[in-house]
Amino acid sequence: MAAGGRARAQRPNLDKMERMVVSMQDPDEGVKMRSQRLLITVIPHAVAGGDVVQWLTQKFRVSEDEALHLGALLVRHGYLYPLRDPRSLALRPDETPYRFQTPYFWASTVWPASELDYAIYLAKRSIQRRGALLDHEKGCAPRIWQEHYDQLQWKISHAWDLVVTQAREQLRAMKQRRRGDRLVITCQEQAYWLVNRPPPGVPNVLEQGPERGSCAASRLQTCKSLDFYKWEIEYARKALGRNRLKSSVCLEAYLKFSSQRGPHDPILSGCLPSNPWVTDDDTYWAVNAPTAATPTRLRVERWGFSFQELLEDPVGRAHFMDFLEKEFSAENLSFWEACEQLRYGGQAQVPALVDAVYQQFLAPGAARWVNIDSRTMERTLAGLCRPHRYVLDDAQLHIYMLMKKDSYPRFLKSDMYKGLLTEATVPVETKRRVFPFMRKPRHCSPSPALPTAGPGGGGED
Amino acid sequence: MCDQTFLVNVFGSCDKCFKQRALRPVFKKSQQLSYCSTCAEIGKLERERPKLPDVELHQVAERVEALGQFVMKTRRTLKGHGNKVLCMDWCKDKRRIVSSSQDGKVIVWDSFTTNKEHAVTMPCTWVMACAYAPSGCAIACGGLDNKCSVYPLTFDKNENMAAKKKSVAMHTNYLSACSFTNSDMQILTASGDGTCALWDVESGQLLQSFHGHGADVLCLDLAPSETGNTFVSGGCDKKAMVWDMRSGQCVQAFETHESDINSVRYYPSGDAFASGSDDATCRLYDLRADREVAIYSKESIIFGASSVDFSLSGRLLFAGYNDYTINVWDVLKGARVSILFGHENRVSTLRVSPDGTAFCSGSWDHTLRVWA
Numbered sequence: 001m002a003a004g005g006r007a008r009a010q011r012p013n014l015d016k017m018e019r020m021v022v023s024m025q026d027p028d029e030g031v032k033m034r035s036q037r038l039l040i041t042v043i044p045h046a047v048a049g050g051d052v053v054q055w056l057t058q059k060f061r062v063s064e065d066e067a068l069h070l071g072a073l074l075v076r077h078g079y080l081y082p083l084r085d086p087r088s089l090a091l092r093p094d095e096t097p098y099r100f101q102t103p104y105f106w107a108s109t110v111w112p113a114s115e116l117d118y119a120i121y122l123a124k125r126s127i128q129r130r131g132a133l134l135d136h137e138k139g140c141a142p143r144i145w146q147e148h149y150d151q152l153q154w155k156i157s158h159a160w161d162l163v164v165t166q167a168r169e170q171l172r173a174m175k176q177r178r179r180g181d182r183l184v185i186t187c188q189e190q191a192y193w194l195v196n197r198p199p200p201g202v203p204n205v206l207e208q209g210p211e212r213g214s215c216a217a218s219r220l221q222t223c224k225s226l227d228f229y230k231w232e233i234e235y236a237r238k239a240l241g242r243n244r245l246k247s248s249v250c251l252e253a254y255l256k257f258s259s260q261r262g263p264h265d266p267i268l269s270g271c272l273p274s275n276p277w278v279t280d281d282d283t284y285w286a287v288n289a290p291t292a293a294t295p296t297r298l299r300v301e302r303w304g305f306s307f308q309e310l311l312e313d314p315v316g317r318a319h320f321m322d323f324l325e326k327e328f329s330a331e332n333l334s335f336w337e338a339c340e341q342l343r344y345g346g347q348a349q350v351p352a353l354v355d356a357v358y359q360q361f362l363a364p365g366a367a368r369w370v371n372i373d374s375r376t377m378e379r380t381l382a383g384l385c386r387p388h389r390y391v392l393d394d395a396q397l398h399i400y401m402l403m404k405k406d407s408y409p410r411f412l413k414s415d416m417y418k419g420l421l422t423e424a425t426v427p428v429e430t431k432r433r434v435f436p437f438m439r440k441p442r443h444c445s446p447s448p449a450l451p452t453a454g455p456g457g458g459g460e461d
Numbered sequence: 001m002c003d004q005t006f007l008v009n010v011f012g013s014c015d016k017c018f019k020q021r022a023l024r025p026v027f028k029k030s031q032q033l034s035y036c037s038t039c040a041e042i043g044k045l046e047r048e049r050p051k052l053p054d055v056e057l058h059q060v061a062e063r064v065e066a067l068g069q070f071v072m073k074t075r076r077t078l079k080g081h082g083n084k085v086l087c088m089d090w091c092k093d094k095r096r097i098v099s100s101s102q103d104g105k106v107i108v109w110d111s112f113t114t115n116k117e118h119a120v121t122m123p124c125t126w127v128m129a130c131a132y133a134p135s136g137c138a139i140a141c142g143g144l145d146n147k148c149s150v151y152p153l154t155f156d157k158n159e160n161m162a163a164k165k166k167s168v169a170m171h172t173n174y175l176s177a178c179s180f181t182n183s184d185m186q187i188l189t190a191s192g193d194g195t196c197a198l199w200d201v202e203s204g205q206l207l208q209s210f211h212g213h214g215a216d217v218l219c220l221d222l223a224p225s226e227t228g229n230t231f232v233s234g235g236c237d238k239k240a241m242v243w244d245m246r247s248g249q250c251v252q253a254f255e256t257h258e259s260d261i262n263s264v265r266y267y268p269s270g271d272a273f274a275s276g277s278d279d280a281t282c283r284l285y286d287l288r289a290d291r292e293v294a295i296y297s298k299e300s301i302i303f304g305a306s307s308v309d310f311s312l313s314g315r316l317l318f319a320g321y322n323d324y325t326i327n328v329w330d331v332l333k334g335a336r337v338s339i340l341f342g343h344e345n346r347v348s349t350l351r352v353s354p355d356g357t358a359f360c361s362g363s364w365d366h367t368l369r370v371w372a
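Line by line, the protein sequences give chains A and B. What the first sequence shows, in my numbering, is residues 1 to 461, in sequence order. What the second sequence shows, in my numbering, is residues 1 to 372, in sequence order.
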């Protein structure tokens, strides 16, 4: 069945859990097995919860917490079941006895569990208890479970005779088995149904979410047309031509990036005055607001890391604009900003924006004429006949590179930048509160969606 | 007279593949052989290729200091969703978040004070994608309704948020991920129909569509690069593909995962990206070297990673798994730094805040947690 097959492939974790459980039952390397005495019967091949946790800790070299968590997941998926209290699938790291579920009942083999099987199971319990369902099967909301049982009766009423007959047959067959086997089979079944029909309030571990990889996959794959192969050839040709760097170069770049940014990473190096989430004090955000008058030292340092960092920070960009004005090349940055607006703006505004940019920056004799090389200018002007949002890309890139290679290094060496660095503030670390249980009141901040100053509540990017 | 150049084509049997082709001379250990052009090119590739991956990440990272003891705790728990939380996104103001859940509810919170500011009920269930606009004035969400809708956020008590809803994207299968580009006016979506698409919000017009995945596309992330032109997507066909937004072409593809890729996220410098998959591993792919450079996995982790994100410096990789835990990986050394417990059902979404002070995780246990 295709759907079942796909669902199986969607859960590689079940395969891995099964392999884990199989290795746990290995006679030499597995968990220590023992016989468990329950009332008057002796059940063989039982394991203690504590031993399971111990084995997981040693095998995977993890902490006890993690081993306990992993073991608990195995129990919740029904690969281990408790012998004494089969109603709750939880792992207790002590002497509580557990047994490994038989592969017949594994989550991956018998799935999905049908209503008919469930009805037979409930009928068996009902007959055994002479008409009254067990408390947990009625659950915390007894009405719901009785309703469920009644619903089943109504849904499969046509087959209800079959259900009752089957239930009686299975109970009769059970009576012929030894007491120990009966107990084990009851526990196994109970654990299976706890996994497949969890009581209200317990999350269903088998739930997967919406189905993936439906008809789209098969349809796309069978459609290997001429276009598909043309695409493949083009892709392969481009891949051959692409310049690949040596790994050592790329990996060195990560080291450099991480060491440069390490002190700026609040999770790694903390932040001054304090991390707002830890101390409930939002001074850090006030000090680093996008339009703060006096930027912090760390922030000004970041402007020196890359041109992109400088432009992304509104304060940095404003200072850079001031610098460019002194150098009489401010029109470059304005042109770049106008191009960004075009690229990320609404589709309807494209023709008007292109025209405005042309009039202001590109037309011969324009007020703020930008200096682009003649070939790019020719190409851009030609493309303006049919304006689209990427028509200014070449010119924008040229101006961006110009600023990056020329104005930006000069800015970093300038007195203006050096002055900003020395003036920059370094916030004082908040003193630890003497009485930590006196919580500071958490201040609300105005939502950016509020219609405050300026049109559109801040349309800057 | 003799200043004309002639091209001489020698035909014969190639020394490697023995087919009858036009031959060219190739020198191997000072011995001249004749190869056809295909074999000559392949030979050149085979010689050049081993020179590129000359070192592995963990070797280079031996010089780096190991990270110290790592303590992160839940600082805020956001309760209010009545069903599984499927997706969340941060606002640029570093404290507001939008989250969506299985029952169709989309809530905007001020997570610092844990107040709910807006709530919308979508007409569909399983809202698997939500995004905050860069200006903070709108949110986008979508799921089983195959559409992406944009809601402008309003504090006007008389207005119903659902009234101003704008239907932007139309796909033929469920919407799995959406993201605004640099402004409020463009949205990038990924869908279960195997395509990604770029839309104009105002008019709902399709600006560009991206075909190439062989199965559902589950996630996407925009590149933080200077020229801002690419994005990466991951899908059920185990492939992660990098696209050029302008032309709609796939630029690079990586296929080393063994199962569905649930989440992709760019490294902060934009030169690499990480992916989390159902095969219980997270992998780091370098774009300039064009290969996978690291695998983050452990024998004891057997459940798939549903969501990954980097810390601000790129040194840490936070990954939320379907076994209810969050693992923190040292990106350079490849080792796990810490494991965080707290959620009572699978972690479905995880994002680091824009200023890197904390990260938020959403789970099927109906809550969101902010960790710092």
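Any given hint could be a false lead.
[To be verified] Below, in silico cross-link-like pairs of lysine-lysine (DSS-like), each with a Cα-Cα straight-line distance of 27 angstroms or less: (1) B:K116 / A:K246; (2) A:K230 / B:K105; (3) A:K238 / B:K157; (4) B:K16 / B:K29; (5) A:K326 / A:K404; (6) B:K29 / A:K246; (7) A:K230 / B:K44; (8) A:K256 / B:K166; (9) A:K16 / B:K44.
In short, the hints are calculated from the structure, not lab data. Being a predicted model, the structure only gives us computed values, none of them experimental.
Now for the hints, and whether the structure bears them out:
1. B:K116 / A:K246: Answer violated: K116 (chain B) to K246 (chain A) is near 50 angstroms, above 27 angstroms.
2. A:K230 / B:K105: violated (44 angstroms)
3. A:K238 / B:K157: violated (55 angstroms)
4. B:K16 / B:K29: holds (15 angstroms)
5. A:K326 / A:K404: holds (17 angstroms)
6. B:K29 / A:K246: holds (25 angstroms)
7. A:K230 / B:K44: Distance ~25 angstroms between K230 (chain A) and K44 (chain B) Cα, so the pair holds.
8. A:K256 / B:K166: Answer violated: K256 (chain A) to K166 (chain B) is near 44 angstroms, above 27 angstroms.
9. A:K16 / B:K44: violated (42 angstroms)
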